[in-house]
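Read off the chains here:
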Amino acid sequence: MREFSYDVVTIGGGPAGMAAALAAREAGAERVLILERDRELGGILQQCIHNGFGLRRFEEELTGPGYAHRYVDMIGATDIDVWLDTTVLAAEPGGVVTSVSPHAGLQVVRAKSVVYAMGCRERTRGAIRTPGSRPAGVFTAGAAQRMVNMEGYLPGREVVIVGSGDIGLIMARRMTFEGARVKAVFEIMPYSNGLTRNIVQCLEDFGIPLYLGHSVTAIHGKDRVTGITVSQVNDRLEVIDGTAFDVACDCVLLSVGLIPENELGRAAGVVLDPITSGARVDQFRRTSIPGFFAAGNVLHVHDLVDWVSEEAAIAGRSAARHARGELAASGRERPVTAGEGLRTVVPQRLSDFEPGKMSVRFYFRAARPMGASLLQLWADGALAFERKLRVVKPSEMIVADIPVRKIGDAAALDFRVVPAPDRIEADDEIEEEA
Amino acid sequence: MMARVVHAIQCIGCPIGCGGEVAVEDGVVAAMTGFTCNKGLAYAAEEVVAPKRMVTTTVRVSGGGLPLLPVVSATPVPKERIFDCLRLLRGVAVEAPVAEGAIIVADALGLGVDFRATRDISLAQ
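Taken in sequence, the protein lines are chains A and B.
Residue numbers for the first sequence follow our numbering, so the first one is 610 and each next one is one higher.
Residue numbers for the second sequence follow our numbering, so the first one is 2 and each next one is one higher.
Watch out, some of these pointers could steer you wrong.
As the list claims (entries may be wrong) - Simulated crosslink set (BS3-like; lysine-lysine; CA at most 25 Å straight-line):
{"hint": "1", "chain 1": "B", "residue 1": "K53", "chain 2": "A", "residue 2": "K792"}
{"hint": "2", "chain 1": "B", "residue 1": "K80", "chain 2": "A", "residue 2": "K792"}
{"hint": "3", "chain 1": "B", "residue 1": "K40", "chain 2": "A", "residue 2": "K997"}
For the record, the hints were derived by calculation from the structure and aren't laboratory data.
Chain B with its partners taken away, still in its complex shape (with noise of 0.2 Å):
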């Protein structure tokens, strides 16, 4: 017996916010209609097997110009270790200053993702 689902993926890969359906048989995809990119097919086909995010919040800074620092992941982030990586984040602080890009987490819960500054922080004057 072939099992087949249809999903319908709103893309959020930019903002046109192409909306498709995703057919998928047996856990694979079987066909796509509506996407207007590779990178909205790319998306779709992602989004109904194994759902990813970036992940964006921010860390403590001491003798910071400012208390927070924003991060970033480096690349999407499996939707259910969200807040895994929020809570993991949480508990981190840094000192100042920090350069745009740094390493704030390397291979945040084994994960493979990094999560990097996005924004210097100088000292404190």
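With the rest of the complex left out, here is chain A (with noise of 0.2 Å):
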């Protein structure tokens, strides 16, 4: 067994392991180590071909193979090494990362700091229950998605698709495009949760009918699946007698939601966030675990790829600096919690602000659709910042940037989405304080 040693090392070469990486690189860490377990870096991006990737970070509009690429070659202009077909055993605390690969068998890799950058999984058949029998025929849409885009397979020719995630939407394009027929979109929710430019482009675009608020209620088949039952459900989500109807189908695509890929951290005990069900961090990304940060859809599931980047870069300029000896302690830890209207935020706690920082960038994720509302926070009690959002869904992280000054030195901060009191100009999205 052979053993190395890194300042930083990634766990994931895929947006977020990759960026993290540079990132480091370029904050002073000398030795950095991308571990990837796929044959290739650019993780889930390479089987997401459609377009619609990097308008934030590179002001075009790119593939996903595309925006992985220009990572791919940025690091490629680098002394970055990456280990393919590497999977990580196990990350403990202090920093040893044990992996095993094909061609070089079990190896250590000890490393001053490591960032998580595992991404996520989808939610499958069994995450949501669905009864009926377990015929061949059902698959995630991601599964579903790497079949068509990368392997060659059409994995059915009648399609229904359950849950409205971008996945499920863009697969139904993508089905759709390849010759096969996509009877309809279910949603139990009275909401889609995905992007409305997805809704548009690949539902409306080819007549695909989207029904909200029904859920599947039985899979019908013996070897393949034969079609569904749904229903209709009601606003506490249980199914409404006599509102079944079938659907015949070969195959059954399920977009219900993803779900951090967050073993290694369970297994080192990483103090996690029940909601997100990543590592509570603060706002240099750092996990409960010295050493250990996150980002990326690890972290919290991201709907845009943009924002990936960003954060990562934030985790390994922090993983950098922790490598070098240069990230002061903690210091006071606030928490920061998603109060009214809201499910989520990250950070979920502040550690002492950098010296000349004048604001933090926060990631939330609304509880349900709203109109224009107003994105508050309230610091020990008091209202202390307010930002108008002309539009609030679940489906669409919202980003925002608080003052320093406006946190002050509160010991709790809360934040809250409210409905506004008036109509919301349009413009007004757009203002944000230096």
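Hints in hand, dock the two standalone chains.
Structure follows, in structure tokens:
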């Protein structure tokens, strides 16, 4: 067994791992390593062949592979080491990372800093407890995406999509392009979980109906799926009797949510946020274990890769500073909570600010859709900051830069989203404080 | 007689997803409300007259590390010609290696739109 030592190691070579490694190298970490279990860098981007990536990060519209390519080229221009086909088995406190690969066997890396960047995985049929038999032909949308876009298989010809997450919407169009007939998308919630642009360009463009407030109550078929039964649900998500109908299909694609792939963090004892299923971090993306940082979808599920890259750069810079002994201790830690109208907030705690720091960027998920709203910061029970939001959707992450002077010396910070008192002009949304 | 039709248009230009209205009088855009950037205004004006979409799909590759090469239209394609483009691309096969950005089909169907590779495909090892 060979042993190595590095300043910063990222576990994962997708968008988060690549951006963290680059930022760490730029911030002065001399020996940086990316551990990637796949045969190439890029992560899930390589199967997301559609366009729409990079508008913020590169100010142009790229495909998933195109976005990945930019980062692969940037990594290639540095002396960052990349180990492909390498699966991490454990990353223990103290920075001992054990991995295995078919060409190098078991390897141990001693890292001064570790960045978790393992991404997320899809919720499966088991996670939504769908009744019925267990025939072939039921896939997660992302698994189908890999088959269609990278491996050259069509998973079915008469398709029903369960859940309205973005991958399901994208796959509705993709399957249509490949000659399959997509009969409908069924969403249990009264609103879509995908981006509005995807409802338009992936469903409406092709006349694919979206049924909101509908749940799958049975999956039929012995060897191969032959159809599903669907029923309407009430506002408590209970099935309404007498509303059931059948849809024939030979393929069911599930797009019912994503969960951080955080087994390594859990095994190491990282303190997790029960709602995001990712680590609880401070503004430097420090987890509860010294020298361990987290970024991207393993921390909280994003809808835009541009935000993943940006967040991962924060984690990478922090990891480099920790490796050099330059990242100050947390100091006084203050909790940050997602209050009324919100489901999640990242970071979940604040450490002492760096000297000269003007603002801190927070990422939120709304609890439910709302119209024009106010994002509020309540500091020790007093309203400290307000920002207008033109519209609020659980599927679209809210990102806000909060001025440090508004946070002040408060011991506890609670963010809320409340309805705006009056109609808000569209222009107000882009108004941000410096 | 002026025929005025108001179309509700959902912008797909970026993830913000502005919704707005476009009033068309006798085939000409007369007024637009609800869009918050120039890109959105351009999209909405085009959407009511001649809608276009970017097209992404795959073509077959032989001799590569992967069997498929993802491609993207260099510019948007008229909506009603999307499936014609897909049919054309279904019959295309290329040989590895392929470099990102390489033109796979030039001027598809005479539409003035090139289709380009969106990744490298190296030779199979």
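A quick look at each hint next to the structure:
Between B/K53 and A/K792 the CA atoms are separated by roughly 24 Å; this keeps the pair inside 25 Å, and the hint holds. A hinted pair counts as satisfied when its Cα atoms are at most 25 Å apart, and B/K80 with A/K792 qualifies at roughly 21 Å. Distance check on the hinted pair: B/K40 and A/K997 sit about 23 Å apart at the alpha-carbon level, within 25 Å; holds.
Of the numbered hints listed earlier, not one is contradicted by the structure.
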